[in-house]
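The primary structure of each chain is shown beneath.
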Amino acid sequence: MWLEAVLAIGLVTSAVFAIYLKETVASVLSLSSMLVLLSLLYFSLNAPFAAIFQLALGIGTAAVFLLAGDTLTKKSDAKISLKKKVLGLIASILLSIPVIIGTEATKTFTRSLNLSLSSALWDLRAIDVLAQGLVVLTVALGVVFLLKEERRRS
Amino acid sequence: MDYIILSVTILGIGIVGLVTKNDLIKMLIAVEMITAAATMNFVVFGSLMEDSLGQAFSILALSVDACVTAVALALAIAIYRKLKIRDVRDLSELKEEPSEEANQMVEEN
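In order, the protein sequences belong to chains A and B.
Residues 12 to 165 (the working numbering) are what the first sequence spells out, left to right.
Residues 371 to 479 (the working numbering) are what the second sequence spells out, left to right.
There could be a bad hint or two in this list.
[Said to hold, decoys possible] Now the stretches of chain B that chain A is said to cover, found in silico as 3 or more residues with beta-carbon under 8 Å: (1) 391 to 398; (2) 414 to 424; (3) 453 to 459.
[To be verified] Pulled a few chain B residues facing chain A out of the computed Cβ check, cut under 7 Å: (4) Ile374; (5) Ser377; (6) Leu381; (7) Gly382; (8) Val401; (9) Met403; (10) Thr405; (11) Ala408; (12) Ser428; (13) Ile429; (14) Leu430; (15) Leu432; (16) Ala436; (17) Ala444; (18) Ala448.
[Stated by the list, open to error] Pairs of lysine-lysine, DSS-like flavour, derived with a Cα cap of 27 Å: (19) B:Lys391 to A:Lys33; (20) A:Lys159 to B:Lys452; (21) B:Lys454 to B:Lys391; (22) A:Lys159 to A:Lys94; (23) A:Lys94 to B:Lys391; (24) B:Lys391 to B:Lys452; (25) B:Lys454 to A:Lys33; (26) A:Lys33 to B:Lys452.
Hints in this document: simulated from the structure, not taken from any laboratory.
Just so you know, even glycine gets a beta-carbon here, dropped at the ideal spot from N, CA and C.
Model the full structure from these sequences, guided by the hints.
Below, the structure written as C-alpha cells:
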C-alpha cells in the first residue's frame, strides 16, 4: 500500500515539475522520471509486459526529447566540460539498469505463467499487431520524407 | 478507484500544461502526459479484472503514442528549421492577413 502511495506522489510531483520547470532539459528529465515511476507502478500491478514496454519507450522518448530540446535551443558558446559528460554517461547507465532488471523479472514471470509476450500479443491481438506495424512503418516514412523535404529546401 | 483518481490527476496536469504553455516541446511533454494517463487506465482495469488483454491494449496504445511523438517532433523540428521559432504564439502571428476580397465576401454573407 505504501509503495503505491509513494509512486503516486512521485508521479504527480514529477508531472508537475515536467510542466512548470523553465529549462527544457530539466522538464524532459522530470518527464522521464515520471515514465520510469509509471513503469514501476505497472510492475506493482502485476503487469510486467506493459511495464517493460513503458520503460523502454519512456527512456527512448526521453532521449528523443533531449535531442530535440538540444536541437531547438540556442546553443551557448561554452563547451561541455568533462565532468558533465561523465555525469551524463552515469545517468544513462543508471537509466538502463531498470530495463535490464525488468527484462530478467519478466523472464521469470513468463516462465511461471508459461506465457511469453509474443504469444500473448499474437494470440490476443494478432490483427492489431499487424496493423500497428503498418502504422509504425508509415509514420517512419512520413517523418523521413518530412525532414528530407525540409533539408532540401534549406 | 485510487488509480483512477491518479490517472485523472495526471490527465488534468497534462491538459493544464497543454493550455497554458506556449513552447512546442513543453506542449509535446503535456501530450505525452495525457497519453500516459490514458494508457494507465488499460493496465489498471486489466489488472483489476485479472485479464492480460489490458496489457496487450496498453502496448498497442504505447506504440501509437510513440508514433504521435515522432510525427509531432518532426513537425516541431521542421518548423524550427524553417521559421526559427519555438513559441506557438509566433506561429499564429504569422497567419496571412485576409485579403480585401475575402473581407467583402464575409460582409456580403
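Status of the hints after comparison with the structure:
1. 391 to 398: That given contact holds, which follows from 6 residues of the region 391 to 398 of chain B lying within Cβ reach (below 8 Å) of chain A.
2. 414 to 424: holds (count 6)
3. 453 to 459: Since three or more residues must qualify, the claim that chain A covers the region 453 to 459 of chain B is violated, with 1 doing so at under 8 Å.
4. Ile374: violated (12 Å)
5. Ser377: Violated. Min distance 10 Å.
6. Leu381: Violated, because the Cβ-Cβ distance from leucine 381 (chain B) to chain A comes to roughly 10 Å (cut-off 7 Å).
7. Gly382: Violated, about 9 Å.
8. Val401: Given a least distance of 11 Å, the restraint on valine 401 (chain B) is violated.
9. Met403: Because about 6 Å separates methionine 403 (chain B) from the closest Cβ in chain A, which is inside the 7 Å limit, the hint holds.
10. Thr405: With a minimum Cβ separation of about 10 Å from chain A (threshold 7 Å), the hint on threonine 405 (chain B) is violated.
11. Ala408: Result: violated, 12 Å to nearest chain A Cβ.
12. Ser428: Because about 4 Å separates serine 428 (chain B) from the closest Cβ in chain A, which is inside the 7 Å limit, the hint holds.
13. Ile429: Hint on isoleucine 429 (chain B): holds, closest Cβ of chain A at ~5 Å, below 7 Å.
14. Leu430: Hint on leucine 430 (chain B): holds, closest Cβ of chain A at ~6 Å, below 7 Å.
15. Leu432: holds (5 Å)
16. Ala436: holds (6 Å)
17. Ala444: holds (4 Å)
18. Ala448: This hint holds: alanine 448 (chain B) lies near chain A, its Cβ roughly 5 Å from the closest one there, short of 7 Å.
19. B:Lys391 to A:Lys33: Between lysine 391 (chain B) and lysine 33 (chain A) the Cα gap is close to 11 Å, so the pair holds against 27 Å.
20. A:Lys159 to B:Lys452: Holds - the C-alpha atoms of lysine 452 (chain B) and lysine 159 (chain A) are around 13 Å apart, at most 27 Å.
21. B:Lys454 to B:Lys391: Holds, at roughly 18 Å.
22. A:Lys159 to A:Lys94: Violated. Lysine 159 (chain A) to lysine 94 (chain A) sits at ~36 Å, over the 27 Å cutoff.
23. A:Lys94 to B:Lys391: The given pair, whose Cα atoms are some 33 Å apart, is violated under the 27 Å limit.
24. B:Lys391 to B:Lys452: holds (22 Å)
25. B:Lys454 to A:Lys33: holds (19 Å)
26. A:Lys33 to B:Lys452: The hint holds at about 24 Å.
In summary, the structure is inconsistent with hints 3, 4, 5, 6, 7, 8, 10, 11, 22 and 23 from the numbered list given earlier, while agreeing with the others.
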